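Asker: Sequence:
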Amino acid sequence: MSRFNNANNISISGGVFTNVRGDQVHYHLSDEVEGRKEIEILATKIAPGAFHDGAGREQRPKCHPDTRKEVLDQIMDRIHETHVTSEFLWIYGPAGAGKTAISGTVAEICHAELG
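Per the numbering used here: the sequence shown ends with 282, consecutive numbering throughout.
Simulated from the structure, these hints should not be mistaken for lab results.
Because the structure is a prediction, the values reported are computed rather than measured.
A few of these clues could be false.
[Said to hold, decoys possible] In the DSBU-like style, the derived pairs of lysine-lysine whose C-alpha atoms are separated by at most 35 Å in a straight line are:
#	residue 1	residue 2
1	K204	K266
2	K236	K212
3	K266	K212
4	K236	K204
5	K266	K229
Could you put the whole structure together from the sequences, leaning on the hints where they help?
Answerer: And the structure:
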């Protein structure tokens with residue numbers, strides 16, 4: 168080990184040592200943080216005005232009729248799945264791509280389905 172160059176009379180016992188050259192990436196997957204489900208933690212951070220029917224959201228973006236049908240169908244299929252592999256669906260894209268409009272339309276569809 169290069170950390171002990173020119174060292175004398177060293178005794179090391181137990182432990183696990185990893186000598187890394189370059190980047191070392193460690194992923195720890197869990198659905199809990201300090202005993203709370205991540206979704207519960209996120210729920211405490213929701214801004215009430217951000218709800219699909221929140222105050223001040225009269226002009227909320229949504230998709231024009233008959234547009235983005237394929238992506239909306241894919242999202243709704245995912246929502247209706249009975250064997251979901253993840254509780255989250257991440258919508259991403261460049262500014263102006265329509266992420267907010269898609270999310271708003273999905274929220275309206277779900278709200279209508281729930282009555």
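Asker: The structure should be examined with respect to each hint, and the outcome stated for every one.
Answerer: Hints, verified against the model:
1. Using a Cα cut-off of 35 Å, the hinted pair K204 and K266 holds, with the two alpha carbons roughly 26 Å apart.
2. Our distance criterion of 35 Å between C-alpha atoms is met by K236 and K212, whose separation comes to about 31 Å.
3. Distance restraint check for K266 and K212: the Cα-Cα separation of roughly 20 Å lies within the 35 Å cut-off, and the hinted pair is therefore satisfied.
4. The hinted pair formed by K236 and K204 meets the criterion: a straight-line CA distance of about 33 Å does not exceed 35 Å.
5. A distance of roughly 9 Å separates the Cα atoms of K266 and K229; the hinted pair therefore holds under the 35 Å criterion.
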